[in-house]
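There are 2 protein chains.
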Amino acid sequence: MNKQELVELFEDTFPFWNKLSESDKETFMRSSQHVHFKKGTNIHDGNECTGVILIKSGSLRLYLLSEDGKEVTLYRLFPGDMCMLSASCVLENITFDVFVDSEENSECIVVGGCAYEDIARRIPEAKIFTLEVALSRFSDVMWVMQQILFMSMDKRLAIFLLDEAANASSDTVKLTHEQIAKYMGSAREVVSRMLKYFASEGIISYSRSDGIKILDKRRLRDLTR
Amino acid sequence: MNKQELVELFEDTFPFWNKLSESDKETFMRSSQHVHFKKGTNIHDGNECTGVILIKSGSLRLYLLSEDGKEVTLYRLFPGDMCMLSASCVLENITFDVFVDSEENSECIVVGGCAYEDIARRIPEAKIFTLEVALSRFSDVMWVMQQILFMSMDKRLAIFLLDEAANASSDTVKLTHEQIAKYMGSAREVVSRMLKYFASEGIISYSRSDGIKILDKRRLRDLTR
Chain F
1 MNKQELVELF EDTFPFWNKL SESDKETFMR SSQHVHFKKG TNIHDGNECT
51 GVILIKSGSL RLYLLSEDGK EVTLYRLFPG DMCMLSASCV LENITFDVFV
101 DSEENSECIV VGGCAYEDIA RRIPEAKIFT LEVALSRFSD VMWVMQQILF
151 MSMDKRLAIF LLDEAANASS DTVKLTHEQI AKYMGSAREV VSRMLKYFAS
201 EGIISYSRSD GIKILDKRRL RDLTR
Chain B
1 MNKQELVELF EDTFPFWNKL SESDKETFMR SSQHVHFKKG TNIHDGNECT
51 GVILIKSGSL RLYLLSEDGK EVTLYRLFPG DMCMLSASCV LENITFDVFV
101 DSEENSECIV VGGCAYEDIA RRIPEAKIFT LEVALSRFSD VMWVMQQILF
151 MSMDKRLAIF LLDEAANASS DTVKLTHEQI AKYMGSAREV VSRMLKYFAS
201 EGIISYSRSD GIKILDKRRL RDLTR
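As they're listed, the protein sequences go chains F and B.
End of the first sequence = 225 in the numbering used here, gap-free, step of one.
End of the second sequence = 225 in the numbering used here, gap-free, step of one.
In case anyone wonders, no lab produced these hints; they're calculated from the structure.
Remember, predicted model here, so these are calculated numbers, not experimental data.
We put the CB at the ideal spot given by N, CA and C, even for glycine.
The calculated label-pair distances, taken between Cβ atoms and stated as ranges, are:
| id | chain 1 | residue 1 | chain 2 | residue 2 | range |
| --- | --- | --- | --- | --- | --- |
| 1 | F | D171 | B | S207 | 56 to 62 Å |
| 2 | F | D97 | B | P124 | 28 to 34 Å |
| 3 | F | R225 | B | K70 | 15 to 21 Å |
| 4 | B | T224 | F | Q146 | 24 to 30 Å |
| 5 | B | K196 | F | N167 | 43 to 49 Å |
| 6 | F | E5 | B | G69 | 49 to 55 Å |
| 7 | F | D171 | B | S57 | 57 to 63 Å |
| 8 | F | R219 | B | P124 | 48 to 54 Å |
| 9 | B | T41 | F | P124 | 36 to 42 Å |
Can you make the complete structure from the sequences, with help from the hints?
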């Protein structure tokens, strides 16, 4: 990625870009790194300030992790999205730890937290943008929370499978029961039991080698209502 | 509350107050109401824009409500706190519905959402303050979520009882099992079973008339670790 491409990316991504002085722009660019993350890499583990991550290709997963290793997926980020919660030093009001993994081979631009923070502190437009991006994820997380707290398992699993299929542009979901349980913050046994029920109803089929195939999308959609 | 007292309250509460023009201050004050809410009143039900609520006395409870009536308490607000999530028109990034009840007889100042929004849109300091207040609650909610998802029931109940006792400056928690279950997003049976266990261990005692009395605070604290 050459300098011109990086400038264009920043212009498109940060509405405050044109409020920056030339020297701020220089610092911002110098503090940015073009990084390729292998599928399955842990990118941020809640402690240090990893910086603001722009996703160019691939996908990242943000999740909570309990002391005993239980995970709950909060949301995923796709090309064009931005990960703000990984910039702990920018968001001093955020006191919880999130973990970020690359779910596929992912190409990202990571803007250094210190350089970003320095600008957000001085330029109100940058501060407002930053807070708004972070706050918009609040709603995503509340949605997940409401699903987990209030929704029945069949409905949650139906929504999950339809989302996965849509993201992959395929009728097949290539995840193990264990992985699905992890993403849904549930137990493998619970997921397996529900998948077995879906299969017995002819809604899906599954095998170890091929993953989960959606056979009757209409009925799966009915379950989400 | 006279005009001078209201001005002083706003000066103390809103760090952007002195950035406002005299005419903005006037509008802000005219759009504000001094309201007394009876214990148990529903103040905000997620739909309309109730406005920004400053708590002068009493306490408010924010919670999620499922379609079938299940509640999960997100956090409570006490004198000096501010409720920003009830001003839906100010926070366009917040797309989930919260409910707000007064838990005690509460005295509040409610600043009209439209007047507030108009100022937050024009004055960057006001916008930044608003977003920061809202975002700081994100962390509270994540804490609740992690408790519910990851923590064992004995630990959660121990924390709940200690918090309640501290808030009431008393060793007695005057809540029914049903109410505790509601606040914790759990079932009454689960709470009753755990309270019975705590009582059998001599940690608490309880009765219908007197509520729950903490007998051994040290052991209750040990449970929270």
